[in-house]
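S.K.: Generate the whole structure from the sequences, applying the supplied hints.
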Amino acid sequence: MGYDINLIFKIIGIGILVGVAHYVLKNSGKEDYAVIATLGGLGIVLIWVVQLLGGFFDQVRSVFKLF
Amino acid sequence: MEIMQIVGLGIVAAVLAVTIRHNKPEMAMLLSIATGIILFMLVLGKIGSVIDVLRDLASRANLNMVYLGTILKIVAIAYIADFGAQICRDAGEGAVASKIEFAAKVLILVLAVPIMIAVLQSLLKLVP
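Sequence lines, in order, name chains A and B.
All residue numbers for the first sequence refer to our numbering, where the first residue is 4 and numbers rise by one.
All residue numbers for the second sequence refer to our numbering, where the first residue is 881 and numbers rise by one.
There's no promise every hint is true.
In silico SDA-like links for lysine to any residue, alpha-carbon gap of 25 Å or less [stated by the list, open to error]:
(1) 13(A) <-> 886(B)
(2) 953(B) <-> 983(B)
(3) 13(A) <-> 902(B)
Treat the hints as calculated values from the structure; they're not laboratory data.
M.R.: In structure tokens:
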């Protein structure tokens, strides 16, 4: 498989990590930090997914020979 | 047997997404997007070889390549729009998904207009 299956495991890892951080921070009374942790994790994963999506669109463009 | 890899990847990703959907639904959605893109990329090479065969056949039949290019563009728009609309629908945004499908229909209609004009012109040539 030529494509990075590792990305899926990285996403799930960040998800679990952020979930635990959210739980811990919320239980220790720092709700605002919990929100910031969630947003940070979401941003990181979103950047990865958007890069993957860009590569995907480029590949579609080259396969269908568009533009 | 690529299908084994594809099914395995899909099942693993589905299990992971169900695991995390409980407390981080947005991560589950991003995971499903990444899985969909990776699966699509695995199959895209095969689509490319089929398209090369189609192109070869079209050039052998002395077809106008503009029409084949338009059809391929329409197929690509349909694939990508379907992909995006299904992701939006999975995330519970049915309205956005409907708009994506509407936009795809409009773009396909715009691309199909020259072919319709060509058909009408050849009809007019037939009718004296």
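S.K.: Each of the hints needs a verdict: does it hold here or not?
M.R.: Do the hints match the structure? See the list:
1. Using a Cα cut-off of 25 Å, the hinted pair residue 13(A) and residue 886(B) holds, with the two alpha carbons roughly 19 Å apart.
2. Restraint check for residue 953(B) and residue 983(B): satisfied, since their Cα atoms lie roughly 15 Å apart, inside the 25 Å limit.
3. This hinted pair checks out: residue 13(A) and residue 902(B) have alpha carbons roughly 18 Å apart, not beyond 25 Å.
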